[in-house]
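The listed protein sequences correspond, in order, to chains A and B. Here the first sequence stands for residues 1 to 125, where the numbers follow my numbering. Here the second sequence stands for residues 1 to 414, where the numbers follow my numbering.
By construction, these hints were calculated from the structure, which means they are not laboratory data. Please note that a few of the clues may not be correct.
[To be verified] With a straight-line Cα cutoff of 27 Å, these simulated DSS-like cross-link-like pairs (lysine-lysine) come out: (1) B:82 x A:11; (2) A:18 x B:401; (3) A:14 x B:82; (4) B:25 x A:11; (5) B:178 x A:11; (6) A:122 x B:401; (7) B:401 x A:114; (8) A:11 x B:380; (9) B:298 x A:121; (10) B:401 x A:42; (11) A:5 x B:298; (12) A:121 x A:75.
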Amino acid sequence: MYNDKVIEHFKNPKNFGKIPDADAVGEVGNHRCGDLMALYLKIDKESQVISEVKFETLGCAAAIATSDMIAEMTKGKTIAEAEKIKFQDLVKELGELPSIKVHCADLAVHGIRKAIDNYKKKQTK
Amino acid sequence: MTKDKIYFDYAATTPVDHEVFEAMKPYFTDIFGNASSIHQFGQEARSAVDNARKISADFFDCKGSEIIFTGGATEANNLALKGILQTLKISGQKQIANPEIIISPIEHHSILDTARALQKEGIVVKYVPVDNFGRIKAGELATLINLNTVLVSVMYANNEIGTIEPIREISNIIAEVKKDAKKSNGIYPLFHTDAVQAVEYLDCNVETLGVDMLTMSAHKIYGPKGVGLLYVKRGTPIARIMDGGAQESGMRAGTTNIASVVGLAKALELIRKQDRSKVMGLRDKLVESVMKQITGVKYNGSKKFRLPNNANFSFEGAEGEGIVVSLDMDGFGASTGSACAAEGLEPSHVLKAIGLSDLDAHASLRLTLGRGTTDEHISKIVTALPPIIDRLRSISGGQAKREFKDKVPDDFGC
Numbered sequence: 001m002y003n004d005k006v007i008e009h010f011k012n013p014k015n016f017g018k019i020p021d022a023d024a025v026g027e028v029g030n031h032r033c034g035d036l037m038a039l040y041l042k043i044d045k046e047s048q049v050i051s052e053v054k055f056e057t058l059g060c061a062a063a064i065a066t067s068d069m070i071a072e073m074t075k076g077k078t079i080a081e082a083e084k085i086k087f088q089d090l091v092k093e094l095g096e097l098p099s100i101k102v103h104c105a106d107l108a109v110h111g112i113r114k115a116i117d118n119y120k121k122k123q124t125k
Numbered sequence: 001m002t003k004d005k006i007y008f009d010y011a012a013t014t015p016v017d018h019e020v021f022e023a024m025k026p027y028f029t030d031i032f033g034n035a036s037s038i039h040q041f042g043q044e045a046r047s048a049v050d051n052a053r054k055i056s057a058d059f060f061d062c063k064g065s066e067i068i069f070t071g072g073a074t075e076a077n078n079l080a081l082k083g084i085l086q087t088l089k090i091s092g093q094k095q096i097a098n099p100e101i102i103i104s105p106i107e108h109h110s111i112l113d114t115a116r117a118l119q120k121e122g123i124v125v126k127y128v129p130v131d132n133f134g135r136i137k138a139g140e141l142a143t144l145i146n147l148n149t150v151l152v153s154v155m156y157a158n159n160e161i162g163t164i165e166p167i168r169e170i171s172n173i174i175a176e177v178k179k180d181a182k183k184s185n186g187i188y189p190l191f192h193t194d195a196v197q198a199v200e201y202l203d204c205n206v207e208t209l210g211v212d213m214l215t216m217s218a219h220k221i222y223g224p225k226g227v228g229l230l231y232v233k234r235g236t237p238i239a240r241i242m243d244g245g246a247q248e249s250g251m252r253a254g255t256t257n258i259a260s261v262v263g264l265a266k267a268l269e270l271i272r273k274q275d276r277s278k279v280m281g282l283r284d285k286l287v288e289s290v291m292k293q294i295t296g297v298k299y300n301g302s303k304k305f306r307l308p309n310n311a312n313f314s315f316e317g318a319e320g321e322g323i324v325v326s327l328d329m330d331g332f333g334a335s336t337g338s339a340c341a342a343e344g345l346e347p348s349h350v351l352k353a354i355g356l357s358d359l360d361a362h363a364s365l366r367l368t369l370g371r372g373t374t375d376e377h378i379s380k381i382v383t384a385l386p387p388i389i390d391r392l393r394s395i396s397g398g399q400a401k402r403e404f405k406d407k408v409p410d411d412f413g414c
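Can you make the complete structure from the sequences, with help from the hints?
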């Protein structure tokens, strides 16, 4: 069902956990769908670079793997760059996802965008 | 590959028993005739079908002419529901102007979806409610029946949570209703039960059960896939739903699948030889051990009215598909009611019907035991499971406790 890369990110995710003093948090998903995802970001104010990403995900293997992968993909990027990541990019990075699991990649991408949106709102206040 | 793997999904399907396989073998290459042919090739095949019919009739304690072999339980369920409604169309029964059927909300999809298809044709579908253990509220059944009710269909035992339904009680209620001219014309309502999960473990004497129709499937009882049967009590007004040849007393068109029918009968014969207390002992040990070792676990379904081989849990803070994939990586085959493991978006309709929250339904794990399950298998899975749950809980963190203020959109936002 899943390729080795997805299984690896599900089995040994490197980025799970919470950042207590996160600069931005994006919570997505809902209880009916069953995938709940929270992404925590540390962002350097000067450079706008995302220095750290962690996630907490209650969900299927694909949801955990996409959470871990979006963390890898956004770490070290500026928020402007991170915002531009599409779910297709995430799927590509994982190799492939079963078609019914592509929405997990979408969820992860939305999580990052939501976190960045929250961050921007906080900055303008 | 399956040598080192351990199977805990016997409710999904079972391996074909070697004796069953041996019994089937000659009917592929040597005795290959068409049972409808007059010559000896055909007659040899015919006698194998006749014998299989006799064995099946003995098992269910009915007449051979009351057995309709089908291409599985899904077909048998379709035939039971659609075939009954079909006769109304043909005969134009005036006394039933607006036909209604009653089913339970925890039926298999082959009943639920057939009922929904009938609903689109104007049939009224009513649902008799279940309690938190998945037992139907038989007392409420009588209030749902009226002169328009043509059929009640309630499964004998549930495939997800193993709950055994009070079939005799239901047939008694229906028998009482039939005496009441205000509620019944004496013929209807008919009573059908889907006994797919029950055949291996429970008494399936159709007289004792008091049913008009009963569905069974061979592959759940160590027989081949793609073959099942529908018991239809003599005199039941039912019409065929597939046009073609006159096989199965004209009720099921299509050249008889001799090897499969022989396999089905052999599988039924072997059931009587099984020691059912063994599987129950192993299941109880499994449940006790899981509940003791892991916190935040719900045991879904009934303790009292339950198939001896079924266990169903919900683990707070872990998602079912993740659990099943993790178990699979450790070599265990298991199942879940989580939507993430299915083609759809909704979690199990059975778990929802017994009152589980969405998250608990997504967090479910079904382990079903069978003839191949050993004490060692139980020890192995109860050792493997706790670290899996721990790991998934550490990944989910506080998400299981997250509160939702916003209304969930229709597409679930995912």
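Going straight from one Cα to the other, do residue 401 (chain B) and residue 114 (chain A) come out at no more than 27 Å?
-> Within the cut-off at roughly 20 Å; holds.
Does residue 42 (chain A) lie within 27 Å of residue 401 (chain B) when you go C-alpha to C-alpha?
-> 23 Å, holds
Assess, step by step, whether the Cα of residue 14 (chain A) is no farther than 27 Å from the Cα of residue 82 (chain B), and give holds or violated.
-> Violated. Residue 14 (chain A) to residue 82 (chain B) sits at ~54 Å, over the 27 Å cutoff.
Distance restraint between residue 5 (chain A) and residue 298 (chain B), which requires alpha-carbon spacing of 27 Å or less | Measuring from Cα to Cα gives roughly 33 Å; hence the hint is violated.
Is the straight-line distance between the alpha-carbon of residue 25 (chain B) and that of residue 11 (chain A) 27 Å or less?
-> 43 Å, violated
Given the proposed pairing of residue 298 (chain B) with residue 121 (chain A), does the C-alpha separation stay at or below 27 Å?
-> 41 Å, violated
Is the Cα-Cα distance between residue 122 (chain A) and residue 401 (chain B) 27 Å or less?
-> Holds, because 25 Å separates the two Cα atoms, which is no more than 27 Å.
Holds or violated: residue 11 (chain A) with residue 380 (chain B), Cα cutoff 27 Å?
-> 20 Å, holds
Straight-line Cα separation of residue 18 (chain A) and residue 401 (chain B) no greater than 27 Å?
-> 14 Å, holds
Distance restraint between residue 178 (chain B) and residue 11 (chain A), which requires alpha-carbon spacing of 27 Å or less = This hinted pair is violated, its Cα atoms lying about 59 Å apart.
Straight-line alpha-carbon gap residue 82 (chain B) to residue 11 (chain A), limit 27 Å | 47 Å, violated
Holds or violated: residue 121 (chain A) with residue 75 (chain A), Cα cutoff 27 Å?
-> 21 Å, holds
Consistency with the previously given hints fails for numbers 1, 3, 4, 5, 9 and 11, ordered from lowest to highest.
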